[in-house]
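Respectively, the protein sequence lines represent chains L and P. Using our numbering, you'd call the opening residue of the first sequence number 80 and step up by one each time. Using our numbering, you'd call the opening residue of the second sequence number 80 and step up by one each time.
Hints were generated in silico from the structure; no laboratory data involved. Some clues are possibly wrong.
Which copy is meant is left open, because identical chains are indistinguishable; a pair holds if it fits in one copy or across any two.
As the list claims (entries may be wrong) - Here are the simulated EDC-like cross-link-like pairs (lysine to aspartate or glutamate), alpha carbons at most 20 Å apart as the crow flies:
1) Lys162 to Asp151
2) Lys374 to Glu228
3) Lys352 to Glu104
4) Lys119 to Glu203
5) Lys374 to Glu130
Number of protein chains: 2
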Amino acid sequence: MTWVILEDVSLRDGLQFEQKFLPLEEKLILFHLLVNAGLKRLQVGSFVHPELIPQTADTDEFVRVIKDEYPDILVTALVLNGKGLERARDCQMSHLTMSISASDSHSRRNVNRPSLEALTDMIELVKSAVDSGIQVRVGIQCAFGCVYEGAISEDKIVEMASRLAESGAVELNLADTTGMGHPMQVKRLVKRVIHAVPGRSISLHLHDTRGLGIANMMAGYEAGVEIFDVSAGGLGGCPFVLGASGNVPTEDAVNLFDQSGVHTGIDIEVLCKVVDRYEELLGRLLPGRMNRVIKAQNGFCP
Amino acid sequence: MTWVILEDVSLRDGLQFEQKFLPLEEKLILFHLLVNAGLKRLQVGSFVHPELIPQTADTDEFVRVIKDEYPDILVTALVLNGKGLERARDCQMSHLTMSISASDSHSRRNVNRPSLEALTDMIELVKSAVDSGIQVRVGIQCAFGCVYEGAISEDKIVEMASRLAESGAVELNLADTTGMGHPMQVKRLVKRVIHAVPGRSISLHLHDTRGLGIANMMAGYEAGVEIFDVSAGGLGGCPFVLGASGNVPTEDAVNLFDQSGVHTGIDIEVLCKVVDRYEELLGRLLPGRMNRVIKAQNGFCP
């Protein structure tokens, strides 16, 4: 494999906890710039209750505006229940991202029931979307550990992935929600899940909370993963840890793969202009490294 | 291999470009705290001209104070020429770190001659130290690339390592001075150098400029490296790139290896108190992640 697909989630996961509200027009500009940089998959919003995530309340309108304009781009959005699926159908979405937690504690906090009970509902939701001709990927949260429960059984992850694949999900996304994953674990679990769901794609959503995001990405690549979630500038992730970044910065992932001779189709210099725009809009520097390095160019010490 | 040795370089590489001058008493406290956390190897200063690096002008005094107090700790310092070696001998140092660049441009900037010419002098310096019963490690700077020259020939690195090993260096340290190394390259070059210098140790000094420090560390470990340079809090590295951290934070490396089941002998919670002290002394947060994560404990979002 000499290529990978990077899915930028900055417009959804990146913005969802930001205090500053970006208007639709601005998000459309950011989307356009990301596509210009070479991104082919973008997670642009959530079909969830506007009170839960006000930042993505404009998702319906957003996808209607861009739907026909970008036929080559995979545009996806988060759906968590039947109401969200209805909205997504009304918007004629062809791809959706769903999410379930492998941690019982986390699952109870989110949907008031343990994960295997939540799985039953999720399977119905996946089937319903698939019956409408929608491609579905399901993210399994806390796949590499949970701050409440510690380690999560790998057998449980494999079982959840298998059942979701059987129900029609085309892609299983293993999410390191807490940033507790480490490279050896990523390799081991990814290989097990790939083996358990033949014919399905496996993707990774890695948080950099403990500084292991890029190392885990490399481990995932070595284990056979071809699709990775990233976020321009490293925007998003967990907002409650001071100084901790969340998602792997898109530009740092592009550099990793560029250096490794693995094709992403993304122009890092064009991409960094989008990071600039995010930084200007949000009024702070984002944690990604390559935007700084490219600006410093030869001005830094060897 | 289920253990690694982490050499903390915060007192030397970490402090050398800091504006704020730390007095000897404070450095001794920091050293003591690092040893308490479990560090067994520390690079504490430089025997270079005080005008070049004023921060380490007290190295002679520092090592005299601690020399007999810590018999189990490997205390090392940087030496770049014969005058420095004389001072180190006067201080009865038993281990020294020397340094040469594999990049001709970088070497010319540092010692006014290309690297293979500088190698001739370095070999004499190594021999002279070894003849005095001093163990020597030599760092090969820009081993993974140079901002002026781009890629550096791997054959050249292997040749330099071989000749330094023949001259008596017990350890070759491959330094990613510019942070341009990437995991596949680290694995490939480390394996070649290990093969070329049987009976010598190979260590890695990795900069996190492009966010690949930890990923490169894991790659080095997988390729057989047992000794890694780290710096508490991620202090040090290149001060001229805004927002770019330099050295791999000791606490983040400890977490990586703890999670991977690899023994470091270091207690991360005790270590983070040293990071706190550095942050207080220098008046800013350092880039390491684990100090933040440990403080946030269960207060952060899963």
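Hint-by-hint comparison with the structure:
1. Lys162 to Asp151: So Lys162 and Asp151 fail the 20 Å test inside a copy (27 Å) and across (65 Å) alike.
2. Lys374 to Glu228: between (42 Å within a copy, 18 Å between copies)
3. Lys352 to Glu104: Classified as within: same-chain Cα gap 18 Å, cross-chain 47 Å, threshold 20 Å.
4. Lys119 to Glu203: Classified as neither; 29 Å inside a copy, 56 Å across copies.
5. Lys374 to Glu130: neither (39 Å within a copy, 30 Å between copies)
When held up to the earlier numbered hints, the structure conflicts with 1, 4, 5 and fits the remainder.
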